[in-house]
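> Given next are the chains, with one letter for each unit.
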Amino acid sequence: MSHSKTDLLQGTLDLLILKVLALEPMHGWGISQRIQQISKDVLRVNQGSLYPALHRLEQQAWIRSKWGASEANRKAKYYELTAAGRKQLQAEVSGWERYAAAIARVIETNS
Amino acid sequence: MRWHQKLILRIRSLFRKDAVDSELDSELQFHIDMQTRENIAQGMRAEEARYAARRSFGPVDQIKEECRDQRRVNLIETFAADVRHGLRLLAKNPGSTVTAVTTLALGIGTCTAIFSVVNAALLRPLPFADPDRVVLVWETRVKNNANAIPAAPGNFADWRVQAQALRTLAAIADTEMNMTSQGEPERVPSMSRRITSICWACGPCWAVVFARLRIFLARLQLLSSPTASGSVDLAATRP
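Line order of the protein sequences matches chains A and B.
To convert, take the position in the first sequence, counting from 1, and add 1; that gives our numbering.
To convert, take the position in the second sequence, counting from 1, and add 29; that gives our numbering.
No lab work stands behind these hints: they were computed from the structure.
Treat the hints with care, as some may be off.
Once the Cα atoms are required to be at most 20 Å apart in a straight line, the calculated EDC-like pairs of lysine to aspartate or glutamate come out as [stated by the list, open to error]:
| # | chain 1 | residue 1 | chain 2 | residue 2 |
| --- | --- | --- | --- | --- |
| 1 | B | K172 | B | E213 |
| 2 | A | K20 | A | E98 |
| 3 | A | K76 | B | D62 |
| 4 | A | K76 | B | E52 |
| 5 | A | K41 | B | E67 |
| 6 | A | K76 | B | D50 |
With the rest of the complex left out, here is chain B (with noise of 0.2 Å):
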């Protein structure tokens, strides 16, 4: 019942700040009054005691501005003056404004953008369809212990034909190119899909890139996985 009639008087406050100023003007001029009519049943001049009333009620203003501070929605009023004082001032210098804006555009559409590509390639789950079961698949040498070796090309076209454990396969092959005409020639990485003829826009290929991609980021020591990559991962989804 409480919080209920607070409510109400805040909201009135805030609203019909009209009305509820008008009330506290006629409240305090009735007081005015009746201590102006006291001084007349006491023998002053009406114009006499209309100053006497006034001059003992004391700063009319001040008690008004006191009488709304007790409503407590001064702050959110001083608040909206505050917002409407800083927009004028942006709108006077256009120039530091656009330099504002854009740089908070900027700022917020990069974080945006960046965060787009870590949430769908590392936070969600892969976009397929159990992504649980995919897997990566590495040749292993056992003579040398050596783990997470990239397979032959060869071997890639045998485990697609005899694999009966995996329903279907694909690979993909770093290379690196020489790219030269009149300067220098340069080493280029390249990613290519030579090896398996699947294309690019199936799911096993996309497999393979997004686990490169967490594998390459889990060297960054951004997620952590005991994995290494070599230069043919082959990606494998089990039946």
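The following block holds chain A by itself, in its conformation from the complex (with noise of 0.2 Å):
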């Protein structure tokens, strides 16, 4: 593998979370590969910190469980997102490009 995988910022896993979850309902599984397939593999979700997210959202409300079948075939907790995470989500978008851009503009200045 050509390229580096980065851990996560704190606090932007949640963003993460909310914006895959807002695509579709899916399992902890799921997230964590989605997040990965869609960042190209450079970014990276640890086990240990998404259900511990997963389940502190679902206690804010943000999302729901419900247990459903999955491609295999078995039994799966679903996550989806509520109407309060929806607007979590804007949220937590917004402050993050503000931030990024806030980044941006510091390692971008000349001399």
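Bring the two chains, given one by one in their own frames, into a single complex with the hints.
This is the structure we're talking about:
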């Protein structure tokens, strides 16, 4: 593999989870695969933070879970975005954009 | 809607703990199984694939614990465990338990008893009909400019018969008596009801007692009252 895998920045995992779930309801395994895929293997989600994050987001009522049949014909716990979660996603996206733009401005300063 | 969902989750985590825990187990197991399948698809042997999946997943028990922490009910469970621990310790040292419980019981009991008296005697209105119409009657000596002088028994008897403004009148006398037998004689304060013929069980006498008690406490500066008291006080009810 030519490119390096990057550990997630603190606080970006919630944003990524909400974004992935905005596409379609998904189980934990699917979420971690999807993030890896979309980021072209640059971002790697650690299970040790993924599942606590899912449970935290559920407690915040930004996502809710229900059991459904997975592609492997097994019962899996699917998460989906709630209305409050959709709002939270917008807030996190604009927060991230502001943050990234600010970092970019600092980096691109000449002399 | 959001608080509603949160509440349901909290209650479920608290009272359906086993169900929630077993769901967490199967959720994480699903992840490991999927990783195993993928490892097999990439050419690992079944056994090897399972081990690799477990290894890449990380410390399962620690992750479970962190998921439980997110549910926020650990606080309550920890508190319950603390209570149980405390009770066990108390059961182990019956001596100190009895001492502590007795101390608390006596303390609480004493406070309650004292408050009951203070409440009845000072804070609540006097236990009569129209307590605001009970008055204390004193003699005044104009010449000496002396107020609140105890009344002479004869005057009291006249007032009882003649006073038009008062419905009834009662008096109490503080007397001191000598008590002696074989040892040193002693002066003993007493409160007698010789002067009034009204019995103890009736209202006016109690009015005097309560009024005196309040004056006594006022002297201790527990209550602010300008009144002073003499040795014969009269309580009367205005019509």
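> Taking the hints in turn, state whether each one holds.
So, going through the hints one by one against the coordinates:
With a CA separation close to 42 Å, the supplied pair K172/B and E213/B exceeds the 20 Å bound. Among the hinted pairs, K20/A with E98/A is consistent with the structure: their alpha-carbon atoms are about 14 Å apart, no more than 20 Å. For a cut-off of 20 Å, the pair hint linking K76/A to D62/B stands: about 12 Å separates their Cα positions. Our distance criterion of 20 Å between C-alpha atoms is met by K76/A and E52/B, whose separation comes to about 11 Å.
The hinted pair formed by K41/A and E67/B meets the criterion: a straight-line CA distance of about 18 Å does not exceed 20 Å. A distance of roughly 16 Å separates the Cα atoms of K76/A and D50/B; the hinted pair therefore holds under the 20 Å criterion.
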